[in-house]
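Trainee: Protein chains in written order, with full-length UniProt numbering: chain A, 1 to 283; chain B, 1 to 316; chain C, 1 to 334.
Treat the hints as calculated values from the structure; they're not laboratory data.
Where a beta carbon is used, it is the ideal one built from N, C-alpha and C, also for glycine.
Take the hints with a grain of salt, since some may be wrong.
Which chain A residues stay away from chain B? Per the calculated CB distances, all over 10 angstroms, these [as the list claims (entries may be wrong)]:
id: 1; residue: Thr116
id: 2; residue: Leu132
id: 3; residue: Val196
Sample of chain C residues facing chain B (criterion: CB under 7 angstroms; computed from the structure) [unchecked claim]:
id: 4; residue: Leu74
id: 5; residue: Met76
id: 6; residue: Arg80
id: 7; residue: Met91
id: 8; residue: Ala99
id: 9; residue: Asn101
id: 10; residue: Arg146
id: 11; residue: Gln147
id: 12; residue: Arg195
This is what each chain is made of:
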Amino acid sequence: MTTLTAGALLPVKVRARRPVPVMVAGGFLALVVVAAVFAPLLAPYAPDAVDLSASLAGTSPEHLLGTDASGQDLLSRVLYGARSSLLAPLALLALAALLGITMGTVAAWYGGWVDTLLSRVTDVMYAFPGLLFVVLVIAVFGDGLTTSVVAMGLAYAPTIARYTRSLALSERSKPYIDAYRVQGMGGARICVRHLVPNLSGALVGYLVVLFGEGLMSLATLSYLGFGAGSPSIDWGLMVQEGQDAVVQGALLPALVPGTAIAAVVVAFNIVGVWVSDRLGQGR
Amino acid sequence: MLRGLPRRIAGLLATLLAASFVIFSAVYAAPGDPAVLLSGSRQELTPEKLAAVRAEYHLDEPLVVQYGRWLWESAQGDLGRSFQYRDQVADLIGARLPTTLELVAYATVFFVVLGVGSGVLAALRRGWADSAVVGGTTLAASIPSFVAAIALVSLFGVQLGWFPVTGQGEGFTGRLHHLTLPAFALALGALAVISRVTRQAMAEAYASDHVEAARAAGLTEREIVVRHVLRNALGPIVTMCGLVMAGMLAGTVVVETAFGLSGVGSLLVSAITTHDFPVTQAVLLLMVIGYVVVTTLVDLVHPLIDPRVSLAGRAA
Amino acid sequence: MLLDIENLTLRLPSGAAARPLLAEVSLTVGRGEVVGLVGESGSGKSTTARAVLGMLPEGASVSGAVRVDGEDVLAMEPGRLRAHRSRTVSMVFQDPRSAMNPVRRIGDFLTEPLVRVRGLPKRAAAAKAVELLAAVGLPDPERRMRQRPHELSGGMLQRVVIAAALATDPGLLLADEATSALDATTQAEVLALLRGIQEERRQAGSGLGTLFITHDLPLAAAYCDRVYVMYAGRVVEHQPARGLFADPRHPYTRGLLDCSPALGDERELRPIPGRPPSLSDTFTGCPFAPRCPRAEAECESWTPVTVPFGGDSGSADGGSAACRRLELVARSSS
């Protein structure tokens, strides 16, 4: 069954983009990482410093991006928020990649019941549109960032496994793999030493695009109140906390973190497409 | 042509059974006593209350029997009783379903018209129009719908005052007016996907030999585009539109919450927040059924649009 | 003259190709004539056929003239060009399966030109289409009308394509490798069909000219009245078909004949050494010189000129070839 899932936004035809947008996107991402790492040095205020006298202030020299309802400095909060907003998708991808690549390789190499199991699990998983599988896990295990990350990791694993399986199947039929077999090398050793490393280019490109999607999904969960909860600082959560002020005419508390999410995801998509283009074809 | 039909329907039922079993048995995956989870509030649990829950859910029976009973009752429209609202779950959903369906329908109009339109434009007018559409869709695909929702409310609701930011609206035009911003927020990501698929399918159809042959036969560019390019690209476009529309059921969860609409999606969020497990199960089941049925229908319709795709071939 | 191509030279912008796609191509097709155009892939034969339809590669610069019924195709404006493509000239492509829109019915493929070009009402067009399908020897034409391309075999599809090509009563038929993708027996059937149509039209008094493009020199020599041989965008030899077998003048033509086996032929097969030139190869002199068994050092710097031979120049028996050592080649072969 054809289904829309993680990775569906990978363009159908991989266009070679001109490096300029890629450079800009890459540079921006580097800046975001620097901002996340050095947030304590860069932030003008403590992210949780409440100043009720400066509630919902607009942009000013004191507060470059304004303040939220409790008078907390938005610039400082966005800088600190970059930490969980970047680390959480990283953790989710690490989990999903570990599970997915293992499952996909085993399914492609040994076939049999592992392969059948993988396709059954994927079929059931794909019956849940969007984030609904994750929502089910959260409904059962309770909300929180850790649950969200683990649930998303489980949800992404079959997608990665399916992709790995298709790559591994075509790689497996190449003569060099046969050559190792003829030399008497074991299947596990061939997979770990030769097969998977040769797929890594395509997989990394895929994972970079998934990173943007993962960030978007985790932010959505935080926004819905299922992910990172108060008092932690997370972009999705900041949007939720800031949205009441929108009706009062104070747009910055919701728009500043919202723009941060959109900008980082755009950058990841641009870089991801370029990386999968380069690494995917370079094999 | 309908050779593969029984097989597809069997596949559909198998998927639905598996998914519904996952939804039902999720209770047992949770640590601790399922009765605690099913009773809703985690405080004020008296032994009597737990016993009542156990009796209502027949928790003492084997899992498969419970599942069968739940499925049978669900099929008859008895989705249980909400702890939060003290109401039949079926009634709760029934009251909120129209809003959600209206929202999805409205968003579908948006993404089909704008997505296909921009994709066709990009394919026909290479150059700046193409770059603008590709750039625009990259952006649209990267904005989470809740961020789009807030940006739309900020600009068109608060700053310009063109659209209302609260309420449901009276009468057809009133509802349309109220649902415009939510529908657009919901359609944005879909629009990007459809635009890209359209552009790609058109480009592929353009490159095929029969277009060259049609040109050699003296057809006008307009005739070539309508009869040969658009007609041939229709298969992937319609399929993708159907799949994306089905996926929107899940998107309503976010958009309804962001706009404060009382639909099925926002019901799911509040059910999870208040640990109202029967409602959570019912809404998830409904959305999964809707999604799987629509995607199967799309697969069944595809060979009718594109005779190259045979039903039997796709069933394999 | 029905088709008269004169000194057609076609260049791609520098960077896309190092040599001209076509260099000073001249050829003619008269009414009622079947003219062969032979060459390896990349020799420019399909490009020539496309130029007759006014379909030039993007960004190409062109000189010379392509006249059909005395009117220069290259100077036509878009509206006139479409009328030219739909009425005067029809093209039959190599692979009927890719030349037909897979999602449309066979019937649409035939009725479309009838309605559009000849202005027939839908019902009359459908009746005429059935007639055309029967005329090209397709069994059960009524049922075929409702079928789609993937339900028919390649040979049947090529008959459909030919029927559609003839639907508008064109004066000139361009057959671009029209039989190359077919099985040998089907190929013979389609050739017989084309010949039959040719004969019919000749008797009806509206002679159909055919430009028969193929890579198969013996086939062209057997099937056509006259044959042009192309190499690297140039016409290297032109002769009446019967002369070509007996007395090929250009070393390339000889090479082509030497490497095609014939029944009962004890000759040794001799492949032409080297490979056909690509668009990135440039030549200072004769393009065939690097592969030519008779080439001399001077050939490398000799710009090919077409030299007439045999009969009176321009007569039916005469031919022409673009070889510096023409006299020598002619003498050694006789």
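Trainee: So which hints don't hold here, by number, going up?
Mentor: Structure breaks hints 2, 4, 5, 6, 10, 11, 12.
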